Each structure stands twice: as structure tokens, then as C-alpha cells.
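Visitor: Please arrange chain B on chain A, whose structure you already have, making use of the hints.
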Amino acid sequence: MPVKVASEWLNSCSGCEVAILNLGETLLAVLPQLEFVHIPVLMDHKYFGQKGDGDLHHLEIPKAVVGLISGSIRTQEHLEVAQAMRESCDLIVALGTCATHGGIPSLINLYEYGDLMERYYRTSETTDPHPNPGDQALPPILDRTYALDEKIKVDIRLQGCPPHPDLIGEAIVALLEGREPKLPMRSVCDSCPTIREGKGKLKKLQRFTHNAHYDPAKPISEMHCLLEQGFQCLGPVTRMGCAGLNGEAPQCIRARVPCQGCYGPVKTEGNQLLDYLNALASNRIDINSLADRATLLEFSGAHGRLQRNKAAGR
Amino acid sequence: MAQTQTIETPADTAFAHGAGNGKRVINIQPITRIEGHARIAIQLDEAGNVADTRLNVVALRGFEKFIEGRPAEEVPRIVNRICGICPWMHHTASNKAVDGCFGAEVPPAGKKLRELMLVMAQINDKILHFFFLAAPDFVLGAGADYAVRNVLGVVQAAPELAAQVVKMRQAGQMMIEKFAGKVIHPVVVVPGGFAKPMTEAERQELLEKSREQLEFAKFCIKWAKENVFANLDDATIRLGEVTTGFLGTVDPRDGSLNFFEGMLRLMKPDGSYKDFSHVDYADYLGEHVEDWSYSKMPYARAWGEGFSMDLGAPKGIYRVNTLARLNVCDKISTPLAQAELEEFRNRFGRPAQSTMLYHWARLIELVYACEKVLELLSDPEITDPLVRNPVEPKAGRGVGCVEAPRGTLIHDYSTDDNGLITRANIIVGTTHNVAPMNMSIRQAADSVIKNGEVSEEALNKVEMAVRCYDP
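Note that the protein sequences, when read in sequence, are chains A and B. Position one of the first sequence corresponds to residue -9 (my numbering), numbered consecutively onward. Position one of the second sequence corresponds to residue 81 (my numbering), numbered consecutively onward.
Keep in mind that the hints were calculated from the coordinates and are not lab data. Just so you know, these numbers come straight off a predicted model, no measurement behind them. Note that CB positions come from ideal geometry on N, CA and C, so glycine has one too. Please note that the accuracy of each hint is not assured.
So, partial list: chain B residues that the calculated Cβ filter (under 7 Å) puts toward chain A [claimed, not checked]:
{"hint": "1", "residue": "Gln109"}
{"hint": "2", "residue": "Thr112"}
{"hint": "3", "residue": "Pro470"}
Label pairs and their computed distance ranges (CB to CB) [unchecked claim]:
{"hint": "4", "chain 1": "A", "residue 1": "Met(-9)", "chain 2": "B", "residue 2": "Ala310", "range": "39 to 47 Å"}
{"hint": "5", "chain 1": "A", "residue 1": "Glu259", "chain 2": "B", "residue 2": "Lys348", "range": "53 to 61 Å"}
{"hint": "6", "chain 1": "A", "residue 1": "His48", "chain 2": "B", "residue 2": "Ala237", "range": "29 to 37 Å"}
{"hint": "7", "chain 1": "B", "residue 1": "Glu292", "chain 2": "A", "residue 2": "Lys143", "range": "42 to 50 Å"}
{"hint": "8", "chain 1": "A", "residue 1": "Gln23", "chain 2": "B", "residue 2": "Glu472", "range": "53 to 61 Å"}
{"hint": "9", "chain 1": "A", "residue 1": "Gln40", "chain 2": "B", "residue 2": "Ala393", "range": "30 to 38 Å"}
Chain A on its own, in the form it takes in the complex (with noise of 0.2 Å):
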């Protein structure tokens, strides 16, 4: 018997999605073990009935044994969305840092409604300035966007913006066999393999206006640490996982560029900024020299970590 699965994308980008279709042949190899019974991106199972008839108080979607939900929570849609999914299906999986910290969408809790309708609506170069959309059509905007565990209860996450698909390759099987999926769960420096000499010579970061030094005709591992050379780098407050389960190198270091945190906190309830001013300040780095605060936390602002009153300090 295939296993029930059912899929929503909630504030998303679609990012989750095609990492799931970047699976690519891994993908059609697992295909007649799953059924998919409700996924909008892919397939035309309606809400209130396929005739468009059906209750509309009552948002339906099949029973299910997986639920996969991308997106963080940000309309009052996206929670009767993410409600429905709750009740339909026996284990829900948080897909990719939007769903399990709120994701970059989650900037938007530095910034007042008002401010955001006005900047939208009212004061945009091209706009022709009208009153906040208000019609019953359209679903009210929550007060600020949250994770999907603020909401519902959350059985597997799996972090990363998106999440690289041998992660999602592996949460399926995992659940196919029945077990937990085993997880990269350390940081993103650990799986770099850039020269790091140590402690000491740094004094503060530099931003990112001219690229690394390093010979492009070499391997990765003889690239000297990104942090290291001054830059931003998020690696060490950041969830492993970019890397693959196959031994490849941090996706954005392959690119000879600094960790952005995309994969959110190493530890699930952890707070990127926090720990990352922890980490500079213990190499007597100096805090100042950061460009701006709130860009640590643009992977994880959710569970009230960005907030209106406490808005980036720099």
C-alpha cells in the first residue's frame, strides 16, 4: 500500500517544492511507494469541492499519513490551511526554514502593518494610491508572521532555505520505513572544509563588497576560512545540512561566497543572533563592525525573535 501523502505551501516561495522535484530520478524511484492525495502545486484537489460548490466554513483535504507544509503563517488562510492539515494528517513535517522559523518572509515582524499597507498601497513610485485592500475575499494579515510550531503541533523539521533534497530524500524514506530520518544536527563549520588557523588575528568583519581571496583554480579546502578572512560568515550559528549527505562542501562556500544562515539555528530553539555575538565577542571581534543586526536573525525571526520594539540595533 502507498503511503498517504498530503502537501501545502502556506507564506512560501515554491523553493521547497523544487528542491522536492530536484530529488529528480531519486524522486521517480519513491513515486509508486506514495500517494499523493492533495498537493496544490501539482494537482487540482480544491478546497470546497471540485465543482467549487462545497462549504466554504469547511476547508477540506483527505486524510493523509505525511503532511508536508512549506511557508511560515502570515494570513488567517494560511492558518485554517495549516489547521486543516493538522486534523488530516497523522504526522506533520515543518518543510524548510519558512515553516520551522519563519524564513526571510519573517523580516516583515521589524515593520508595522500600517507602514507596510502605506510604503504598498499609497507611496510606491508607480502605485496610484488607494485604501489597504479590505474586500471579505481577500484573508486578514495576522499581526506578524509566525512558524508553523506557533501554531500546530509540529512532528519532524527539516531546516534549510530550501532543504537540500538528500535531506528530503531521506525524511521520506525514513518515514517509508517507519523510522526517524537521520539528520545532519551540527553546524554548518563542520561541514566546511576551508583551512581554519585559530583564534586572535581578527579584529572586526568587513562587509562583502570585494570577493574572498582564494586560487579558483584549487579545492575548496584550500580556501582559507571565510569568518576568518573578515567576512559575515553565519557558519558557526548555522544548521548543517546545504552540504548534502554526500560529502560536498557548504553550498554557499562553494560559491566562494559567506554563510547566510539559511538552515536557521544549530540547535532548534537556538537564536542565531544571539550566538553569533556570543561567538564574536569571545574572539574579541568587535560587535560595531556588524552592518546590521536583524540580518542574523532574517532566517529565523519568527517565535518573537524580530519584533517592531526591538528593531535592528546596528
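Guide: Relative to chain A, chain B alone:
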């Protein structure tokens, strides 16, 4: 009747359309096999014919607001999260805007690598949309059971084709990932250029794989012409047809199609056009707001006729994306795609208005993209080690523009003395098509819903009109 309003907890998702007048409303929710979040409401009159339709875009994340205060050099890897399907487009347009703010000059090889990545990403996007999202309607039929009318149904119905498609799309993604590190939400394009040069070995490997991609693109368009486009009946060809203007980017030297840079060309429905620099976009384009959509509706402000989605007398409405680009360009610079364009134009004229032709145009662009990648990789200068000039954060303004798969993409930023963003205005490809999609929905609904009879097939046909735009 008492006019009372109640707020239910959790909130009401009824989204009553024309609430209170007792008319029947059909909800298509969510719109499926698209990349965004939206619903369609079709309101019927007492006789059961279409009285009104609306496309409600139900999401608003607020990127333009929350990038304020961020260091500009960080923004190109924030805004790529606008879209997980076309992150390369946002990443590139954003970097161009930051270049403008900082007054950066990009070295030639940096520019070539940026263009290469953008065009490679276009290839994967077109395969994804045509085969995974659109094809089920044609391979399995618009009226097939929804449980099989999807890519999994295509896998069952045409396993060899599906395996080839899955393999080639993934190969395309891995080509980018191997060179550029991260393929979904890229980081390798940076203000001032590109973060790493291309080695000769990398160029050779990509060249070899790109030749396979071109062969696959040739197969795709031949397959689609024989198996999809040849079988379209007149009613399907006319599904969602509206008469509009068009916007796209052309090379200023010869008016040829260009995804990466050039002049914007705004064409009126009669085929006359005006070319302008993307920096002046706000002089030509405006954005209209309706109460019932979080998405704005761009229109051609420069035409001076205002905004109306009236099917019989639209005002200010233009379209973007594949069909628009093929309508506005004078030619395509690569030979195979040019031959396809000539065949297309001989048959459908210029500008072609049939919405269903977006699919055909998409596959012509697939051929172009594969040819263009080979051309870019054949230029040995692409391996020049100078790929980035250092930039200096400072106050300025920059407008970055590229052609995303879904249309003209504009990022417009200002920065303060520290190089932090003070103001941003972004017009995303799909947004230009929101008003035209509303019109196509109305046209399609009118053509398939009569006298109160609403079938699943009819509703799927309304969605097929939307899917042409790949929103």
C-alpha cells in the same frame, strides 16, 4: 435584512464574492498547478450565466518594505526568496539595482557569467512549466479526473517521455549547482560582478551538457507541435483570448529578443510601439489597486487612457511573459529559434493575441535559451579571472531589470550613505499579467459556463486560461 457583520474564529474563509445579493458564486480555490497563491470567484446571474469574475491574489509578504534598512549587498540574496522557481531572476535584477546604487562597473566576464546563469535558469523553468504544470491538461485531457490529470498521470501515460523530462530538468539544475554552489536561492552573483570565475574545465563540461540540452529542446518543440499544438481545437485555441498590448526587452542594436539586458519595448494592441530605458519605467507604467486583490495591477500609464479590464474596451492593459516577448521582438538572434519564430509569426501574425499561444512561445524561448547558452559558453573570454570589481557602499539609486520567465522584472532601490536600503519598488513578472489574467478568466468563464451548468471540465478550462500565463 439586518446588516450585521460577524467575525468568525478562526476567520471566515468564505470570501463571499458579491456578498449579500444572493447570487451563486463558484469558487476555484486554490488555483492549482501554478506557482503562486490565488483563487478564482465566478459569480453567476439568475439565469446561471457569468455575471462577474475575479482573480483574488491572497498573499502579501512585503519584500519592498522589509528590505528597508538591510545592507544593499545582502539584498540580492534576500529578494531571491520572492520566487523559488525563478530566484536567479530576482537575484540578478537586484544585483543590477545595487550596482546602480553603488555606481559599480561590472567586468566583462562577470557580466557574461551573470547572463549565462540567468539563461540557464530560464531553460529549467520552461521545462518545469510546460511538462509538470501545463502538459497534464493536454496529455490527459482537460476533462480527465483530477486524480490523474497531473504530472504523476503523465508519468503513467507516457513513462519514457516523463523519465526523459525529469532527467533533463534535474540535469539542468545540477549543471548550475555544480558551478554556482546554490541553485535554488543563488548567492553567486554579487554587487560589482560575480563571486567566482569559471575555469576552462568547467566551461568544457558545461558546453558538453548544453549541447545535450539543445538536442532535448529540439525534441520538446517537435513533440509539442505534433502532440499538443496540432490537436488544439478552435475553442481551446481561443480559450482566454483577450486583446491587449505587450511589454518585453529587446536588444537596442537590432530589436532582437534579450532576456538579460536591453531596451524595454511597450507595444500597443495595434502593433505600434515605443522603446524606453528601464530606468524610466515609472514614466511608462503605473500600478492600479483593487479592493479585492493584494496584488497590484500594472498598466500602461504612458498611453494616457487610464485602467479598465472591460473585455470589449480594455484601457491600459498590456501583457508580459513568453508571448509578449515574441510579439515585441523584431527577431531572435539564434538560428533555430528564429526559424521557429518565423513559422509562428507566419501563422498567427504580430502581435498574436491568443492566450493559449503562450505555451508555444515558451517552447520557442526554450530553444533560444539553449542556443544562447551555447553561444555564451563558446566565448573563451567567459573564463577571464576578473569577474568582480570591489564596490563601495554609498548613497545612490539603481534600477535593475531582466526578463524573468514570467515577464519583465524591475527592482528599483535607493541607499543611504552607509549603503543601507532606504526605499524599494519592485514590479514582478507575474504582476504585470494580473489584470490580463482577470480578463482571460472572464472570457474563458463566459465561454464554458452557460445556463447554470458547471462541470469540473469547464472549471479546469478556466484554470487552463490562467496556466498559460504561468503565474
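Visitor: So, for every hint listed, does it hold in this structure?
Guide: A quick look at each hint next to the structure:
{"no.": "1", "hint": "Gln109", "verdict": "holds (5 Å)"}
{"no.": "2", "hint": "Thr112", "verdict": "holds (5 Å)"}
{"no.": "3", "hint": "Pro470", "verdict": "holds (4 Å)"}
{"no.": "4", "hint": "A/Met(-9) - B/Ala310: 39 to 47 Å", "verdict": "holds (40 Å)"}
{"no.": "5", "hint": "A/Glu259 - B/Lys348: 53 to 61 Å", "verdict": "holds (58 Å)"}
{"no.": "6", "hint": "A/His48 - B/Ala237: 29 to 37 Å", "verdict": "holds (33 Å)"}
{"no.": "7", "hint": "B/Glu292 - A/Lys143: 42 to 50 Å", "verdict": "holds (46 Å)"}
{"no.": "8", "hint": "A/Gln23 - B/Glu472: 53 to 61 Å", "verdict": "holds (55 Å)"}
{"no.": "9", "hint": "A/Gln40 - B/Ala393: 30 to 38 Å", "verdict": "holds (35 Å)"}
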